[in-house]
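With the hints as your guide, set chain B onto chain A.
Read top to bottom, the protein sequences are chains A and B.
Here the working numbering is used: position 204 in the first sequence is 204, and no number is missing along the way.
Offset between the second sequence (1-based) and the working numbering: plus 1000.
You can take every hint at face value.
Under the rule of at most 20 angstroms between Cα atoms (straight-line distance), these lysine to any residue pairs were calculated in the SDA-like manner:
#1 Lys28/A with Val1435/B
#2 Lys1059/B with Arg1144/B
#3 Lys1059/B with Leu1072/B
#4 Lys191/A with Arg129/A
#5 Lys28/A with His1436/B
#6 Lys132/A with Asp197/A
#7 Lys84/A with His1280/B
#8 Lys1116/B with Ala1184/B
#9 Lys1116/B with Arg1144/B
#10 Lys1116/B with Val1185/B
#11 Lys84/A with Val1435/B
#12 Lys128/A with Gly138/A
#13 Lys191/A with Ser151/A
#14 Lys28/A with Arg1437/B
#15 Lys1059/B with Asp1089/B
#16 Lys128/A with Arg109/A
#17 Lys1177/B with Ser1212/B
#18 Lys132/A with Leu195/A
#19 Lys1116/B with Ala1067/B
#20 Lys128/A with Val1002/B
#21 Lys28/A with Glu72/A
#22 Lys28/A with Arg69/A
#23 Lys1059/B with Ala1070/B
#24 Lys128/A with Ala1006/B
#25 Lys84/A with Met1274/B
#26 Lys84/A with Ser1279/B
#27 Lys191/A with Tyr208/A
#28 Lys84/A with Leu1273/B
#29 Lys1177/B with Arg1066/B
#30 Lys1177/B with Pro1207/B
These are calculated hints, taken from the structure and not from any lab test.
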Amino acid sequence: MAPSSYPESRDHQPPLLEARGLRKRYRKATFPALDNVDLTVHRGEILGLLGPNGAGKTTAISVMTSLLRPDEGTVFIGGLDLFKQPRRAKAAFGLVPQDIALYPRLTARENLHYFGRLCGLGGGSLQKRIEKCLQLTGLENRADQRIETFSGGMKRRANLAAGILHEPPLLFLDEPTVGIDAQSRNMILEKLALLRDQGMGMLYTTHYMEEAEVLCSQVAIIDEGRIVDRGLPRQLLEQNAECRNLGELFLRLTGKQLRD
Amino acid sequence: MVKLGATIAKELLLLFRDRAGLLVLFLMPAALVVVMALVQENVLKTTGEAGIRVLFIDKDGEAVGRAIHAQLDRSDAVQLVSASGAMDDESAQNSLADGEYQFSIVVPQGLTASLKERVSGQIAHAFAQDGGGRAENDAASSPRLTVYFDPLVQGAFRAAVVNALREIVLALEMEMKARAFSEAVSRQADRLLGQMPGPEPPAGAFPRIDPSWGRQRLLEVQARQASRGGFERLPSSVQQNVPAWALFGIFFIVVPMGGSLIRERQEGTLKRLMSLPISHAVLLLGKVLAYVLVCLCQFGIIVLMGIYVLPLLGTPVLEMGSAYGAILLVVASAALAATGYGILLGAVARTYEQASMFGAVSVVIAAALGGIMIPVYAMPEVMREISRFSPLAWGLNALTDLFVREGNLGSVLPEISYLLLFFAAATAVGWWRFVHREQRDL
Chain A
1 MAPSSYPESR DHQPPLLEAR GLRKRYRKAT FPALDNVDLT VHRGEILGLL
51 GPNGAGKTTA ISVMTSLLRP DEGTVFIGGL DLFKQPRRAK AAFGLVPQDI
101 ALYPRLTARE NLHYFGRLCG LGGGSLQKRI EKCLQLTGLE NRADQRIETF
151 SGGMKRRANL AAGILHEPPL LFLDEPTVGI DAQSRNMILE KLALLRDQGM
201 GMLYTTHYME EAEVLCSQVA IIDEGRIVDR GLPRQLLEQN AECRNLGELF
251 LRLTGKQLRD
Chain B
1001 MVKLGATIAK ELLLLFRDRA GLLVLFLMPA ALVVVMALVQ ENVLKTTGEA
1051 GIRVLFIDKD GEAVGRAIHA QLDRSDAVQL VSASGAMDDE SAQNSLADGE
1101 YQFSIVVPQG LTASLKERVS GQIAHAFAQD GGGRAENDAA SSPRLTVYFD
1151 PLVQGAFRAA VVNALREIVL ALEMEMKARA FSEAVSRQAD RLLGQMPGPE
1201 PPAGAFPRID PSWGRQRLLE VQARQASRGG FERLPSSVQQ NVPAWALFGI
1251 FFIVVPMGGS LIRERQEGTL KRLMSLPISH AVLLLGKVLA YVLVCLCQFG
1301 IIVLMGIYVL PLLGTPVLEM GSAYGAILLV VASAALAATG YGILLGAVAR
1351 TYEQASMFGA VSVVIAAALG GIMIPVYAMP EVMREISRFS PLAWGLNALT
1401 DLFVREGNLG SVLPEISYLL LFFAAATAVG WWRFVHREQR DL
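Excised from the complex, chain B in its bound form:
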């Protein structure tokens, strides 16, 4: 234990005196988390995954304008900002061009009156014996609700907002038509009753029809996110980026770790170490534990940034679910996988330059495949299949499961097993290569 402790202490001391290594291990992932979380927060706004700002200009100021406003305001998806009815369309478009709002909805002046007039006309027309061409003429002159949108807003979300607005308008139309129809039916019934022989029925003899039937839904569509434990919020940009870039940082440990093995070989300290009365496994274990410790610190720092620093920059607070023990196991397994890869790299590469170049590039590729940069679901099918073999994908899947889907140790056990198997395989190959080389090259 003394020898193991001495080796861990030596590795940590060497690492803390390696400024370039520290920058790679701590500053790079921290900077990436901040930059990517902020950038993605903006991307999420343009894709509708985050709350977006909608400028609402009500030039009508009557029932229809107020009803549309009320319906939109109930939606969590948009943040409605009311502008003065005096604001013109050009000003609204300028607000969008400045990036201040993603949508602007303009309710034209006199919309309520116009709609009432149209619905009365349509009902009267429906009860009339003749006339077919009038309705077509009416369609040509129907009032319009204008929606302006920022060109950066992606098509799918643009369609979703317009469809939501159409649904609100349809519900309003139905309610207005139902009210008008109910009143017309009552009027027509009274008129017909009055024309019947016999004593004249009292006014309002025909029962009034409740017009609320027009807004009552016959069929509800329920959209639910698949998750465990009823935790239904979408992952925030912070929930996506903190685990993703923290894992990226953890795997970047292969550069200093592989480099330290190569330096020991090149500087000759390895010869001295191997000539000492100590098991080689203890030396290797000391190195692995030191770097795993660094990875855990690195992850802890990035998590603290997600909780305390990123919210200061306008992002949501990082929420991690409640399975803290499972999170620790996943991170420790990922750290072991990374150190195993570092051992392999240190054994295979001949120079520090080779190790740093190949290590960095291979981790970036594994990160891209693993969904760190682009979500796996957005990849072509072939790439999705390949991504299943990336250790970063295993780590990210497990952490996303724990952070967002309320997963637990049982649900992430497969990913933990893959990471540990990767560690064992990489270490074994690295050890074999190391012994083979030492016997050949000394």
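Only chain A is shown next, with the shape it has when bound in the complex:
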């Protein structure tokens, strides 16, 4: 089914990501991991998907990157049905998973070379992209060191480099700054803003509300598999005047009980 019922973006191009009515329930789970989730990302937008542990953020990314099949719903990437035209749709997005999804025994350059090849890059253009991504993430001087020798921040930056290697118009980022030093985190956020300004669309999950407030053009708050609120960060704060920032809004919407 083509996403004709959904309004097209301002430049009359289909949205980079359009997920409609996603439902997913794991076996033996008490409630669905995703319950009628709709998400849209346009060119040059960063959609922050915020939620407590177990709210469904990673499941949502897994479904929207074809790692999981939804029980119901559709996912279109740049107008292509992800589950009917997976090869073409996959070429249009990059993934920065929560894990450092790189081979520890390979160097940063070897990792990028391998993943670049799998994305269909080769020859001089691959070398140029590798150099550019290494430069963007500040790893050009450590390119020939094995990933296992990297610090946490360097690993996160290398993880980002692998996700943007093939210049995808859409990027999925699953908590890309978790557990790293302030300098690396700041650098990653700066580079993401730069990529956004160049037109890349992103779906970004994080626990850090201040990151979302600074970086995201829109946020969606998810809890128990359902989107409980969404909109521009400023707009959401205006609607909830008693909340001074996104953190307070997040706690008001999702509660203060622990989610282990």
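Okay, now just chain B, sitting in the frame of chain A:
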């Protein structure tokens, strides 16, 4: 093809940077081949499957001693070493205790003379009208040929050597008796002719009897090894151990291969790979081909060791028959079966520790069942039946057929088919389990 090539190159690079994996894949089977070939070479000596050293002490120094020596020397089964007749029995026994020889045969002094005297006595007794008790007395005082043996020499082979010696002695006895009998018959005939009325016949009127009839055999027993193409040598320790332990090494690839799948799952690289615009089959094929390539290298190295290194340590040179194409197909099929099992293991096991422990133990069990450690024919019937289901048994049967029995592609086609079916089944189950788990656990 580019993506497939990149995946193969990545797998090989990862493997060459995994020192523990390299040790498992290359050093372990190489060490096992050397150790087991040398150990089994010694075992074969004590079971008679390899040439054994026999110390021959001829205190007689006459015709009988020389004849026994000559007969034994013609046998390929023993390596005869002559010692001085002055060597005493105690020294001979010490040589055996030191492991220098497996047997020692002592020909007593005066044996030839004693036997001649006995045979003349027996013939004279046979022609005599009376006497029955003398022969019994003779048996009690008959000369003895003593055979000492190393206690480690197994009973069956010990009996075989003693029986062979008895056969040689029997042939000698027959020849001596035939000669003595022929001479006695001629003498008796001359005597009887002389007693007949009429002119005295000239001396030697009765025709001489050729005594060689005594050593001529009436019935030959022919023992032949069942084989194709008239290739009749027994498999050497190297021919048994090189294919056996090479296959063992090939199947040990399940540990690094299963481990690599689990690492990709645990480290998250699998998520990235599955989100890329590439067929999952290409990723899997790249992994399989990389490991099959490693298995072929591994087999090649072990074969080269069998040809060039093991002979330096005193073993026979590895002989592989002539069906090289069939050998390559068998090894490639075994490598595929092993990688299929690695995929299954990587999909079923949750941790690297589980995969390495279960993988190693299951391969050792399959190897034991498959006749890698103990020949299948030496197993109880129940175990022999079970061994038919071991992929290592299929591989070993096929390689033994090609190495020793001059088999060809046609003769090993069933084993190749079993190995390929095993690969397909293990890969299919592993793939199903993998997809099932990914959908559940992400």
